[in-house]
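Modelling step: build the complete structure from the supplied sequences, incorporating the hints.
Chains as they are written, first to last, in the working numbering: chain A, 1 to 331; chain B, 1 to 393; chain C, 1 to 335.
Among the clues, some could well be false.
Here are the simulated EDC-like pairs of lysine to aspartate or glutamate, each with C-alpha atoms no more than 20 Å apart in a straight line [claimed, not checked]:
| hint | chain 1 | residue 1 | chain 2 | residue 2 |
| --- | --- | --- | --- | --- |
| 1 | B | Lys228 | B | Glu211 |
| 2 | C | Lys199 | C | Asp211 |
| 3 | B | Lys229 | C | Glu297 |
| 4 | B | Lys228 | C | Glu297 |
| 5 | A | Lys293 | B | Asp54 |
| 6 | B | Lys355 | B | Asp373 |
| 7 | B | Lys302 | B | Glu211 |
| 8 | C | Lys34 | B | Asp383 |
| 9 | C | Lys40 | B | Asp279 |
Think of the hints as simulated: they come from the structure by calculation, not from any bench.
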Amino acid sequence: MDEKKKELQEKNRKQQLLVTLLPFAALILLFVILCIVIQTKGYRLPMYLKIIFNEGVVLAIVATGATFIYTLGSFDISLGASTLFAATMGVMTYNATNSMPAMLGAIFLTAVGCSLLSSVLASVFHIPVFVTTVAMMSVLSAVSAQIITVNGGALGGISIPSAAVAPYDNMAFKITVLVLFFALCLFLFNFTKIGRRQKFLGGNPVCAKLTGIDMNKYAIIAFLIAGTGVAIGAFLTLVYTPSVTTGTAGSIGMNILVAIVFGGMPISGGPRSRIYAAVTGGFSYIILNNILKILIDSNAGYGISQIISAVFFLAVVYVTSMNYRSAYLPR
Amino acid sequence: MKKFLKMMMSLSLAFALAACGSSTPATSGDSGSTAAQPAAVSGKTVKIGVLVADVSGEEALGFRSYFENYIANNYNAEFTYTEQLTDAAGEKAAIEKFAAQGYDAIISMSDSDRATQLQTSIDNGLYYAVASGMLADEQFEQYKSNEYFVGQVGPSMDAEYEAGYEMGKYFADKGVKKVALYGAFIPNPMHVYRAAGVLAGIGATYGGASEKDAVVGQIFGDQGIDIKKVETGDVELVGYFQGFGDTTFDELFACIGAQPEAFLSVGMATTFFTQNLNDAGIEFSDIDSFTEANGEAMKNGKLVYLAGKYSSSIGPVFAAIMNAVNGTPVRDADGNAISLSQDYLVATDAASFEKYATADKGDTPIFSKDVLDTMIGAVSYDDFATAVAANRG
Amino acid sequence: MNQTMTTNRKIRGALSIPVLTGIILTVLCAVNGKAMIANKTGFNFFVLYTAIVMLTTMALSINLNSGRFDFSLGSIAVLASVLSCRITFALLHGGTGSAVLMLVLNIVIGAAIGLASGMIYVTLRIPPIITSLGVTLVLEGITFTITEGKYVMNEVRNASMSAFAGNWIWSALLIAAVLAFMIWIFDHTEFGYNYAALKSNQKVAVNTGIDEVKNAVICYAICGGLMGIVGFLQAARSTSINGGALNFGSIAIMFTAFLPMFIGCYIGKYCNEKIGFLLAALCMSMLNSTFAAFSNEISAFMQSIINAVLLVVFLIYLSNEDLLKRLLRPSAERG
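Structure, rendered in structure tokens:
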């Protein structure tokens, strides 16, 4: 009987390991496939990798910050709009002051302020966080669009001189920012009580509350970190292209969800949350989309590549969620 | 295993190279570049990347069909379209990908950030031309002398204003006394200029101003047309709305309720409102293109005025790109890039619509191979400009 | 619904929000010399829009009330209407009966898509929010591939569709039929009882032998059917279908249903929840018509902001109703 139990435990352990490693394996596999496809096509690999890194870095940073919110079992759909709004305020501030520190200050204050507003509204008035973020999404998008179109005039967008951000538009700077932010989040998530308690709150809020953990306090901290991620994301968006239009960062909001799940983290948060999920998932998703875009080429192909990408997404999530199935349908 | 490790190492090296590398122009790249050796000499296919913000509009599909089915069949050229581009980052990434794939040139029909597009093309040694809309004056001044900036051929903002003006004037001259106006997607700059033109065409002032720039500036500031600021002359503006959302049809019916004699639209009217306007028996006009749906609306519906683009109007941009790639760029006397505005063609009945539509059919476009051949090669700026102006259906 | 409530209080409670909304908006329009509904055509579209909001709200609430978040509602509506209008046009060429056939096909195809979506959910057993992300992308991709991203126009522009949109009676009949069906299936069938049990306590319900999988799949199919009707109504209203939505471009419709869903749930305390959704949809339709009347003064940007603020303010009220009542109660009463 003991042997059977041991065998079962060993099997479970192996399955856990497989599931933990799967997002990394998927990322490596996709990376290898991408490289093979690019080489086969005769494209310039180093340049392509740089482009893909640029495409993924903002998503990875914003989604890593958002992981703290998702760990609590919460949900924030306004992060794309926050990124747009922070970038908009950054451009307006730079154009008014000609000062990079002032621009950075405006971006951080705006991003963190918006994030805090969502969580404080939810905490003080006891309304679901998700609903406040839906409302924030509408308001921030509308206000940004108003500012951009009024000030952009015939150009259709607002911008800062490209020379202002040119010194930062290089891989070394962006990789450093990504690594530093990720290291900070990793530390907070895995080695402080912030991460531990957030996982506890996400896994069993009632129990956590009974042990004296203040849900509101940790929700506010989570939104604060997410706001920081948004601010860095907004700054890097401006570094890549020193202009903001109403479409800027438009796809980030939903892609955060996709990235986190693709990286093997349960959307319900809790103890199985993983801080690396956003980075692995974000880059995997971007690489997958690029592979499909290279391989499928025609107008109707836009739809077909989206279908393949979605099916692949569901397959990966299905496999990575194997170890947290219950007898009941998940909600 | 060793093989796998080897492969992983080479991939890591590639990534490291990506991390360290700067954006070296394609001329020095390994893809076989483009600027260094004229394509005509090498006999290689000219690869052109097309940036698009609209992947499904009939006008956009008409342009695409002309490039992919007519030009690609008649010239040694290959076109690759981007996905729908919605922001500047998407545009920049698309250009960089084309550069990584060894493309020769970029044709832009996306306008989130034209300055960044141009700079990215220059950084990567790609020739760049604008086929839809035009650069802002200060942007053109900044880049006009750069060898990679081939130029811009299409309706300028002045041409957009003129198209609106002519449309408004058409109805005013016709003796129409009450009109309604649809501002399409104002504050889209193109629609702002067209709407400002319509107001001038019907003899109206806006916020007391009648000068183009003053009116345009106010419309941008108001994010639309505030009907209370419109002072009309002989032609009364009885209704105005813009955008497309939950309130659109309520606003349309409120306009119809005001019983205008004509409904003037600066874009998309046939797509959105043909049936309602036909049912209400109200004549309408639009600035769009010579598509099947517009033909049907003109033949069997109440569409009475269409200022339209035709699919092969982007032919000159292709010719200009070919010249640049082949080492015979068309520049003006000061060595600057091409900047030529194209006007809209106007149809006011089924016959004139048919004339333009037939003139620009798939195998016999207005900018046919015969015409383009006169524009490709050692052509002077003036000859090029004359050819653009002469071929208008 | 509170069984001990007096009929008078139920009526007052149920009608307070719609009546108050109606009075405020009518006065607002009248003071500014405008009419909320300008003419008969405006009324036809007012009822049509009410139907769209009510059905979308119901579709959203079916799964959301059970903790299942579904992003795919908009994509189901579009795909169902694209497929059914193509089939209808192929069979009838826009002739008599086109609207009826398209409506029936929309319901059938919508329900089939919903069923497929539900099957994916129960088969993969991954959280519904994630399934719905994948399903949304797939459905958008299929629609784009079929339409090549173009607007579908010819197939929905015919006399039959015009006749449907041009008479409010048809929309009203549709509202009545859907309302009757929803009340019957959720309040008077075994499926409905099981749904209620699963909604209030999943574990206990499953342990008592309720087939959760079957119940969930039926819920998805009903959602699909409802969104199929929404797709039809949208096509009748807009006389075109936008086949070009990709990358979650179709999810916006879901967000517009949040406010009516919360209002409907609130009204549901005083009457049947489904009637609450109808009354909430009525409120949203009045607000929409008022926005249209004030389109010169209130831009689309401002409309978004007003809707968002209303959503938050209403939820603040809803979540703090007891506290507010205590605070507003006269001190003597409190003492």
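Status of each hint after checking the structure:
1. This hinted pair checks out: Lys228/B and Glu211/B have alpha carbons roughly 18 Å apart, not beyond 20 Å.
2. Between the alpha carbons of Lys199/C and Asp211/C the distance comes to roughly 13 Å, so the proposed pair stays at or under 20 Å and holds.
3. The suggested pairing of Lys229/B with Glu297/C holds, with an alpha-carbon distance near 12 Å, which does not exceed 20 Å.
4. Of the pairs offered as hints, the one joining Lys228/B and Glu297/C holds, with about 10 Å between alpha carbons and a cut-off of 20 Å not exceeded.
5. As the CA atoms of Lys293/A and Asp54/B are separated by approximately 17 Å, the hinted pair is consistent with the 20 Å bound.
6. Restraint check for Lys355/B and Asp373/B: not satisfied, since their Cα atoms lie roughly 24 Å apart, outside the 20 Å limit.
7. Between Lys302/B and Glu211/B, the direct Cα distance comes to roughly 32 Å. Violation of the 20 Å bound is thereby established for this hinted pair.
8. A hinted pair counts as satisfied when its Cα atoms are at most 20 Å apart, and Lys34/C with Asp383/B does not qualify at roughly 58 Å.
9. Simply put, Lys40/C and Asp279/B have alpha-carbon atoms about 14 Å apart, close enough for the 20 Å limit, and the pair holds.
Figure legend: structure checked against the earlier numbered hints; hints not met, in rising order: 6, 7 and 8.
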